[in-house]
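Q: Following the hints, position chain B against chain A.
Now for the letters of each chain:
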Amino acid sequence: MLNIPSYHFYSTNSHFDYEFLTIGPNGAIKKVARFRHRAENVYNFGFGDLHETTGEISDTTTSNNGDRDAVLATVAKIIYEFTSLFTDATIFIIGTDAPRTRLYQQGINKFWEQIEPVFEISGYKNGKWIDFEKGINYDAFMGIRKNDLFF
Amino acid sequence: MNIRKKDSNLTTKQRKAIISDKVGNYENHPFFVKKFEKANAFLDKIGLPDFLVQKSSTTTKRSTEKNIP
Numbered sequence: 001m002l003n004i005p006s007y008h009f010y011s012t013n014s015h016f017d018y019e020f021l022t023i024g025p026n027g028a029i030k031k032v033a034r035f036r037h038r039a040e041n042v043y044n045f046g047f048g049d050l051h052e053t054t055g056e057i058s059d060t061t062t063s064n065n066g067d068r069d070a071v072l073a074t075v076a077k078i079i080y081e082f083t084s085l086f087t088d089a090t091i092f093i094i095g096t097d098a099p100r101t102r103l104y105q106q107g108i109n110k111f112w113e114q115i116e117p118v119f120e121i122s123g124y125k126n127g128k129w130i131d132f133e134k135g136i137n138y139d140a141f142m143g144i145r146k147n148d149l150f151f
Numbered sequence: 001m002n003i004r005k006k007d008s009n010l011t012t013k014q015r016k017a018i019i020s021d022k023v024g025n026y027e028n029h030p031f032f033v034k035k036f037e038k039a040n041a042f043l044d045k046i047g048l049p050d051f052l053v054q055k056s057s058t059t060t061k062r063s064t065e066k067n068i069p
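As they're listed, the protein sequences go chains A and B.
Numbering follows our numbering, in which position 11 of the first sequence is assigned residue number 11; successive positions increment by one, without gaps.
Numbering follows our numbering, in which position 20 of the second sequence is assigned residue number 20; successive positions increment by one, without gaps.
Treat the hints as calculated values from the structure; they're not laboratory data.
Treat the hints with care, as some may be off.
[Unchecked claim] Listed below are the simulated BS3-like cross-link pairs for lysine-lysine, each with C-alpha atoms no more than 30 Å apart in a straight line:
#  : chain 1 : residue 1 : chain 2 : residue 2
1  : B       : Lys38     : A       : Lys128
2  : A       : Lys110    : A       : Lys128
3  : B       : Lys34     : B       : Lys16
4  : B       : Lys16     : A       : Lys110
5  : B       : Lys38     : A       : Lys30
6  : A       : Lys128    : B       : Lys45
7  : A       : Lys146    : A       : Lys110
8  : A       : Lys110    : A       : Lys30
9  : B       : Lys38     : A       : Lys110
10 : B       : Lys45     : A       : Lys30
11 : A       : Lys110    : A       : Lys125
12 : B       : Lys22     : A       : Lys134
Given the structure is predicted, the values throughout are model-derived calculations rather than measurements.
Bound-form chain A, shown alone (with noise of 0.2 Å):
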């Protein structure tokens, strides 16, 4: 799945938490993930920009490090991982704001070709979740592996 160019990740033994490092114009820039468990099989997830000096993360600034596709190629592969591992688990996704969002959203646009043969997402609009379609704007993701595909 998903043969692009991703980062270099790392786990714990756990496999809740993730760090990748990102290297641009803007120099190296280490990326942090993490899934909680919420109820029965459905697990947030959420990434962010870990500022090593006061250890704060961020998930609301842009580093315009230009790897936007590389980031996103690397957290998809992420949560493959989990969900190979976990593989009841619903990942429930929703952005800090509506742009972090469409940022999400974007990811699964671009890499929808990899994405559809191995999940099934549904995207929450007006009220409903619906199967994702690309082109519709959406308030939250989840997704859940389909049936007979963990290789």
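A: The following block gives chain B in isolation, referenced to the frame of chain A:
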């Protein structure tokens, strides 16, 4: 002119995470605590998709974090 050293840090071959004890535990980091509280509030308000509600009635509850070799 800025020259990006992007190629040396990008790969198409990696399929699994590299396990490292240097990766931080962000379970209680305020960023994620706040983010997930907001996400939970959103889900509590709108509910889950129908396909998930139906599926959850037939699957067992999965345990939370555990070490996976």
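Q: Is Lys146/A close enough to Lys110/A, meaning Cα to Cα at most 30 Å?
A: holds (20 Å)
Q: Has the given pair, Lys38/B with Lys110/A, been kept, meaning a C-alpha gap of at most 30 Å?
A: holds (27 Å)
Q: Given the hinted pair Lys38/B and Lys128/A, is their Cα-Cα distance within 30 Å?
A: The hint holds at about 18 Å.
Q: For the pair we were handed, Lys38/B and Lys30/A, check the Cα-Cα distance against 30 Å.
A: Given pair Lys38/B, Lys30/A holds - Cα atoms ~24 Å apart, limit 30 Å.
Q: For a C-alpha distance cap of 30 Å, please report whether Lys128/A and Lys45/B respect it.
A: holds (11 Å)
Q: Within a Cα-Cα threshold of 30 Å, do Lys34/B and Lys16/B meet the stated pairing?
A: Roughly 28 Å between the alpha carbons, so the hint for Lys34/B and Lys16/B holds.
Q: Has the given pair, Lys45/B with Lys30/A, been kept, meaning a C-alpha gap of at most 30 Å?
A: Given pair Lys45/B, Lys30/A is violated - Cα atoms ~33 Å apart, limit 30 Å.
Q: Please work out if Lys110/A and Lys30/A have their alpha carbons no farther apart than 30 Å.
A: Holds. Lys110/A to Lys30/A sits at ~23 Å (cutoff 30 Å).
Q: Mind checking the alpha carbons of Lys110/A and Lys128/A for me, to see if they're no more than 30 Å apart?
A: With Cα atoms ~24 Å apart, Lys110/A and Lys128/A stay inside 30 Å; holds.
Q: Are the Cα positions of Lys110/A and Lys125/A separated by 30 Å at most?
A: holds (20 Å)
Q: Between Lys16/B and Lys110/A, is the straight-line Cα distance small enough, at 30 Å or below?
A: With Cα atoms ~21 Å apart, Lys16/B and Lys110/A stay inside 30 Å; holds.
Q: Check the hint pairing Lys22/B with Lys134/A against an upper bound of 30 Å on the C-alpha distance.
A: violated (38 Å)
In this structure, the earlier hints numbered 10 and 12 are contradicted, and the remaining ones agree with it.
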